[in-house]
Amino acid sequence: MLHETAIVLTAFVYLGVLFAIAYYADERADAGRSVIASPYIYSLSLAVYATAWTFYGSVGRAASDGVGFLPIYIGPTLMIALWWVVLRKILRISKQNRITSLADFIASRYGKSALLGGLVTVIAVIGILPYISLQLKAVSNSFTILVQYPEIVMPAKVGALSIRQDTALWVALILAAFTIAFGTRHLDAAEHHQGMVAAIAFESLVKLLAFLAVGVFVTFGIYDGFGDLFGRAAAQPKLRAMLTPLEGVAGGYANWVWLTILSMMAIMFLPRQFQVAVIENVDEKHINKAIWLFPLYMLAINVFVLPIAFGGLLRFPDGSVDADTFVLTLPMAEKREFLALLVFIGGLSAATGMVIVETIALSTMVCNDLVMPVLLRLRRLRLNERRDLTGLLLGIRRGAIVLILLLGYLYFKLAGEAYALVSIGLISFAAVAQFAPAILGGIFWKGGTRAGALSGLSAGFAVWLYTLLLPALARSGWLPIGLLDQGPFGIELLKPLQLFGLSGLDQISHAMIWSMIANIGAYVIGSLSASPSADEHRQASLFVDVFKQTGEAGGARFWRGTASAPDLYSLLARFLGTATADSAFCEYSGAKGLDWPDARLIADAELVHYVEVQLAGAIGAASARVMVASVVKEEALTIDEVRDILDEASQVVVYSHKLEQKSRELEAATAELREANKRLTELDRLKDDFVSTVTHELRTPLTSIRAFTEILLDDPEVDTEQRKKFLGIITKEAERLTRLINQVLDLAKIESGKADWVESRVDMKEVISDTLAAMDQLFREKNIKIEARLPEKVSTVTVDLDRMIQVMLNLLSNAVKFCDSANGWIEVALSERDGGIRVDVRDNGRGISLEDHEAVFSKFHQVGDTLTDKPHGSGLGLHISRQIVEHFGGRMWVESTLGSGARFSFTLPTGAGA
Amino acid sequence: MSEFESKGQRFVALCMLGMVLFNYPILALFNVSGTLFGVPVLYAYIFIAWAALIALMALVAESRS
Numbered sequence: 001m002l003h004e005t006a007i008v009l010t011a012f013v014y015l016g017v018l019f020a021i022a023y024y025a026d027e028r029a030d031a032g033r034s035v036i037a038s039p040y041i042y043s044l045s046l047a048v049y050a051t052a053w054t055f056y057g058s059v060g061r062a063a064s065d066g067v068g069f070l071p072i073y074i075g076p077t078l079m080i081a082l083w084w085v086v087l088r089k090i091l092r093i094s095k096q097n098r099i100t101s102l103a104d105f106i107a108s109r110y111g112k113s114a115l116l117g118g119l120v121t122v123i124a125v126i127g128i129l130p131y132i133s134l135q136l137k138a139v140s141n142s143f144t145i146l147v148q149y150p151e152i153v154m155p156a157k158v159g160a161l162s163i164r165q166d167t168a169l170w171v172a173l174i175l176a177a178f179t180i181a182f183g184t185r186h187l188d189a190a191e192h193h194q195g196m197v198a199a200i201a202f203e204s205l206v207k208l209l210a211f212l213a214v215g216v217f218v219t220f221g222i223y224d225g226f227g228d229l230f231g232r233a234a235a236q237p238k239l240r241a242m243l244t245p246l247e248g249v250a251g252g253y254a255n256w257v258w259l260t261i262l263s264m265m266a267i268m269f270l271p272r273q274f275q276v277a278v279i280e281n282v283d284e285k286h287i288n289k290a291i292w293l294f295p296l297y298m299l300a301i302n303v304f305v306l307p308i309a310f311g312g313l314l315r316f317p318d319g320s321v322d323a324d325t326f327v328l329t330l331p332m333a334e335k336r337e338f339l340a341l342l343v344f345i346g347g348l349s350a351a352t353g354m355v356i357v358e359t360i361a362l363s364t365m366v367c368n369d370l371v372m373p374v375l376l377r378l379r380r381l382r383l384n385e386r387r388d389l390t391g392l393l394l395g396i397r398r399g400a401i402v403l404i405l406l407l408g409y410l411y412f413k414l415a416g417e418a419y420a421l422v423s424i425g426l427i428s429f430a431a432v433a434q435f436a437p438a439i440l441g442g443i444f445w446k447g448g449t450r451a452g453a454l455s456g457l458s459a460g461f462a463v464w465l466y467t468l469l470l471p472a473l474a475r476s477g478w479l480p481i482g483l484l485d486q487g488p489f490g491i492e493l494l495k496p497l498q499l500f501g502l503s504g505l506d507q508i509s510h511a512m513i514w515s516m517i518a519n520i521g522a523y524v525i526g527s528l529s530a531s532p533s534a535d536e537h538r539q540a541s542l543f544v545d546v547f548k549q550t551g552e553a554g555g556a557r558f559w560r561g562t563a564s565a566p567d568l569y570s571l572l573a574r575f576l577g578t579a580t581a582d583s584a585f586c587e588y589s590g591a592k593g594l595d596w597p598d599a600r601l602i603a604d605a606e607l608v609h610y611v612e613v614q615l616a617g618a619i620g621a622a623s624a625r626v627m628v629a630s631v632v633k634e635e636a637l638t639i640d641e642v643r644d645i646l647d648e649a650s651q652v653v654v655y656s657h658k659l660e661q662k663s664r665e666l667e668a669a670t671a672e673l674r675e676a677n678k679r680l681t682e683l684d685r686l687k688d689d690f691v692s693t694v695t696h697e698l699r700t701p702l703t704s705i706r707a708f709t710e711i712l713l714d715d716p717e718v719d720t721e722q723r724k725k726f727l728g729i730i731t732k733e734a735e736r737l738t739r740l741i742n743q744v745l746d747l748a749k750i751e752s753g754k755a756d757w758v759e760s761r762v763d764m765k766e767v768i769s770d771t772l773a774a775m776d777q778l779f780r781e782k783n784i785k786i787e788a789r790l791p792e793k794v795s796t797v798t799v800d801l802d803r804m805i806q807v808m809l810n811l812l813s814n815a816v817k818f819c820d821s822a823n824g825w826i827e828v829a830l831s832e833r834d835g836g837i838r839v840d841v842r843d844n845g846r847g848i849s850l851e852d853h854e855a856v857f858s859k860f861h862q863v864g865d866t867l868t869d870k871p872h873g874s875g876l877g878l879h880i881s882r883q884i885v886e887h888f889g890g891r892m893w894v895e896s897t898l899g900s901g902a903r904f905s906f907t908l909p910t911g912a913g914a
Numbered sequence: 915m916s917e918f919e920s921k922g923q924r925f926v927a928l929c930m931l932g933m934v935l936f937n938y939p940i941l942a943l944f945n946v947s948g949t950l951f952g953v954p955v956l957y958a959y960i961f962i963a964w965a966a967l968i969a970l971m972a973l974v975a976e977s978r979s
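First to last, the sequence lines map onto chains A and B. All letters in the first sequence, in the order written, are residues 1 to 914 by this note's numbering. All letters in the second sequence, in the order written, are residues 915 to 979 by this note's numbering.
Please note that the accuracy of each hint is not assured.
So the derived list for chain B, only partly shown, Cβ under 7 Å to chain A, looks like this [unchecked claim]: (1) Phe925; (2) Cys929; (3) Tyr938; (4) Ile940; (5) Ala966; (6) Ile968; (7) Ala975.
Worth flagging that the hints you see were computed from the coordinates, not collected in a lab. None of these values were measured; they are calculated from a predicted model. Yeah, the Cβ is synthetic: ideal placement off N, Cα and C, and Gly gets one too.
The shape of chain B in the complex, shown without the other chains (with noise of 0.2 Å):
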């Protein structure tokens, strides 16, 4: 598998797991009362979870193989 292909694939995940972190049914187990860190859950959670998402995909981005 070229290295091109590879690294298309591992976008695709990505791709994936973020349909599945900010959809039915995940957001809703976050979307509840209480804060973190003094924040709405949700809210704290929607940031966290979007930076980890671009922090793995500046992994993939800048990866050589």
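Looking at chain A on its own, in the form it has when it is part of the complex (with noise of 0.2 Å):
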């Protein structure tokens, strides 16, 4: 037997242990221990967006609809997979501009503007009030129920009820005083309320264990198993018809996908899941583990919802009992009145979890974005000479908790009876997914701008008023139901529930359509044709380059003017108190190296910056920054400043890239352009040694042919004889002459690489009998022995045959200068190895000394003394047929000792030639 006064009991004492948990955690953090740094509070506390709806609506829409419930857990889970790329920068942007609430965020992000605070707070409380609405609904009609144990009877035949029984309303006011006491006891800087977190979170375990204890039993309890369950169902005709194949996704696949991007919305953008993901984390790694823990949660209270509906359905087949309460009234039914309680209770931590978080939430919007930008700009108040504003801040906070919760109870009276409970909850997603565009927008689109947000939110909440709204109340008899069947004055195209003809949808997918076409729309065109404000500018940066940013003090750059200390301090101690101003100033002179209040510190950008950050924790983003101009004077920045500063920016990250890479290419240039000045201050001097070497030894022929010209010239007594003898002289060093000038345009057409060479396969041992036979007449002349080895056969080579010429009677024509004069001895031996033949030419003179060896083979080397010894040749005949070898892919080289002759060798490859 329960009796109303035992189920009462229970409930205040549940709350009191809630108290109790939010009491010790915050005693806990005031002493430094916070209980809610962990990752697992932070995941449970999320779990506050499964509400009454959850835990008593998801059972009715099942009974109706199969899967349909489902979307509303699916799409947060798709939504939280982006939660390390959205989420995150959220947390950096909150955390950074000290964001209070949704209302704020969405404020700051568009340059602080009071205006769209107002309008966000707006749409989110009258968007909201439903979904309180429904919680309100739920607890009083499952407390309406439970009294009637053991009779089952519905609410709404439970009759006329006067005011000590109207529940919802008791609950209303019940839950606001609770919510005053937990969420509004003191101010916090920061906006944390460590003591609502860890109630929350114990709360999100109460309603688990609830629901799955009611799964549990309805499932193994009553039937045997999952198999036996379905099994007897599809044993129905009737609801046979709905398991195979399930409905609801049947009912619409486009439905199903609209209530997955809901309910992706809403997991990021209800103002209670923006508190406790956003504004009351107090670590960004927890992220990590409720990316996971999260989303199992919701897996975990869903696995019993369609067991139980058709639990439900089989237990209450004549549809006399609402399928929303089937949680409630199966363990009643079946006479087991603590599980009955246990269930109350858990609807009610599933209820009160939401009230007061959205309240709190939701007060914080009313107060910092609604009523202080209001109050503030009232000059009449005097509000900038008060002293202390906390208490008026908790004050407007408690007020704004009442009214909501009281509007709450009247939208619950006006429009709550004649939907269900998802019905009612949906209205309030589509409310909230109005913020998506605005926010998601703001942080990754530096082109949004305020005009844009202003008109996509206004045109979006619109649309949602007109197909939403409107109807809920229609259908509750507050407006002319030919409204929504006929049209406003009977225009077909504007029926709210078919706009401009679209019909097909059902109702949430249709207002989800239009109002996202009318929000994005104007959003973008907003954006795209209104020029941002320097603050907008900013703002948007601040914003889209979070992770680029560092520190707080990164808006610190953005502020010119001027500024005293004593004032700032002094406004701060207003809103927060001394104690935390104290605190705050403390905190930044000790970061600065200084002692407060002792040392005087400097009014300059950071502090302006620093003070007011802090307020917006306190007040929001948009009043701070009133406040704040309040004291100070400040310069306006205008709109090149900022774009400059921000160029500036992010221009110098990339610049700095680039100079650093600049840099490397130059040291590289550098490099070789040094190696190849190198290569040109030794050509140079190559080329000067050239010369001078290339005009001195054609001055020595011409020196000789002037001397005798001139003799033969000045004295015509000169007998023949002698003038034979200088005549001949003359035509010597005249051979000479041209034959040096040829060997130079030689030399010069060769190491230009414009030398012709004609190659075909040439025998050696026929150059070399060739040109030995061409120089016999010399041989004979200087007396000397030739001694030739030739092997019968050789291969061939590839060569340019006159050059081969040129080589052998280079080498021979040296050999016969340098041989012994007396004993003069040549011999020239051809042979073939490894791939090559070898041509060697030895004599008996006096040899060349191991370091000559090389220089032999440069340009105008003469062996000897040149200054004592007349030359023997231009100097060059050795080196151009060097050249000449290696041109055909060979090799030329001497051995030698000095006094012991020399051997001069070449290869050549008998492959083909080069």
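The two chains are supplied separately, each in an independent frame; assemble them into the complex guided by the hints.
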């Protein structure tokens, strides 16, 4: 037997436990040992997402729609997969800018616009009212039903209630008192409510356990497992139609997809989700665990939804019991009063968790973004001169909490009865989805402007009002129903549920399509058509590039003006109290290595920004800006200046990268240039040497020609014999001159690569024989003995025949020049080995010293003392010969020791010539 | 590529996988009559796929590199 008093008592004991947990957590937080600094607590607190809607409503939805309740949880799972990208960014932005609420976030992003913050607040409050009314409805219904135990009577049939019995009103008032005690005990600069988070985490455990208990009881207690339950359902003709295949998805994949998208938005932008996920987050790393723990929670709380739904349909086949209450009525029907009480507590925990966090989040928004900006602008109130404003702030928030809950109650009375739980909640989901373009656009697109956000939100919200809220009121009888059936003024195209004739979708999908088209369209068009102000430009950059900023000082770059530190201090003290202001200034001075309050702080841009951020934590960014502006003289930056600062910052990184690369390239180029310069200098020196040597070599024969011609010219008496001798010398010297010039030209041609090479297969044996034959006369004159050792047959080589003859002539004439004058002897040998032929020319002259072995091959090298010895040749012959041999892939060298003759050798490859 | 970026890309890929798994036409393939372990096929499919997706998310979230 469950007595009314017992139920009420249990409920209050439960609320008392919650309060004790919150109190304990707050105490611990004040002592510096936070209990919520754990990823598990964070994940559990996120489960505030599961409200009375999940606890009671899912079963109701499943009983009519099969799996149609699941997108509400699968959508968030998909969104959470993106948390690493999206939530981490929002978190970082919020921490750097001391964001206190969703409205604050949007207002702050678009140039700290108070107007935008106000609009967001209005949308959030109106949009969430149906959701709050849903919780009130669920709690009051479950209470009303439980009180009738052991009878099972639906609330609608209980009959008219007096004020005393109006549970929903009482629930609203009790929850308001409870929330005030919870969330507005004191003012925190960072809007952290550690006690609340701990209590919410506990509530999440309670509702999960209660729901699993019912699920297990229905599936394994009443029935014999899943197979038995679904088997029995399939045996009923009416239920079999629902089971095979499951309805819900069959009802329309478009609806399924829209519900998924809708809940993806909801998990991010419901004010309470933003509160627990962003504002109450104490450590960015907690996301890591929450990313899979929170979806796991949602999975667990949904496993038994369908079994309970079918269990209920089997147990109450006549439809007398509302499917939204199966969770409670099934244990009651089975006379399990303790389980029924546990369910009531579970539902209570689901509802209170939602109401507490939602109203705290909304009251912060109402206070910071709606009421304070207006109050601060009203000069008559002289708020600027009030010494302590903390009391006022708390008062506003408390008032807002009561007001929001009473409005929620009002909505419940006006429109709550006509809809099932899930349908009421979805209306709220659609409202908060309107924030998605402004927020997601705001953190990824710098081009989004205040004008765009204002028009997007207004347009989306207007469509929401028209397609969702209006029909809800009309169906409840507060507006003529003809509005829905015939359209306003009988205009069919404007029917709220088939706007512009779009039909075939459920109400939510229909509203989502039109509101998103209006919202995104207006946001993009508004952003593209209005150019942003300096403030917007700065904030856009701070938000979008948050991962490129370092520390909170990022915003300080954008401030210029004059201020005084005591003014700033008293400003902070007025809003946060002297204790908080003192500790804030101490922290700031400490970071600067100064000692507050003895040291004189310089009221520079950094301090002003610091104070503004601290203040923003208490009264929101827009209000903080107004307040700070009232005590400092700020010189407004122009849009160009802001752009310059931003460009500077973002380009510096790019520039430094470019600079590094350029400097590396430059170094490489310098090294190359140095190398080239070295080569050029060397070449230049060689050229100079060459020119001076050539001139020297040309002068020698010229001198003797000139000397002898002058003798002949001056002295006609020279006898014939003498004259003949002189003329002979002149001819010889002229020949030498010609030869020299020819060789220089030849060399120039070879070295510049312009020489004509006529290649053919040549038998070196023939070349040697021919050369020897041509020089035969010379050998005889000099009385030189020639020894030719030529093999029977050698392989041919690919060379230029004339050039090879030139080489042989050169080597042999050198040998003739230097061989022993008395017993001249020259040996010419030809051999073949290792894919090449080798030619040796050996003489018995005075030989070449080791250090001259390489020098003889250089240009104009004359062996011996050039000053005393008469030059024997041009000094180019060996050089040219070596060039020729090397051109054909061969090698030329000399082996010799001083006094024992020299052997010049060269090789040529027998393969294909070069 | 930094650790943060590669992790982010894996999560985006998982989100896309989820969008495919829980959407037409894959859902339609499983929306047939019949049961799996006594549970309607679609219901069983959604929960198994959902659990698998969460497992993958846990794997990526907890991975070090």
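These are the hints, each one checked on the structure:
{"no.": "1", "hint": "Phe925", "result": "holds (4 Å)"}
{"no.": "2", "hint": "Cys929", "result": "holds (4 Å)"}
{"no.": "3", "hint": "Tyr938", "result": "holds (4 Å)"}
{"no.": "4", "hint": "Ile940", "result": "violated (11 Å)"}
{"no.": "5", "hint": "Ala966", "result": "violated (11 Å)"}
{"no.": "6", "hint": "Ile968", "result": "holds (5 Å)"}
{"no.": "7", "hint": "Ala975", "result": "holds (4 Å)"}
In the structure shown, a violation is registered for the earlier hints numbered 4 and 5, in ascending order.
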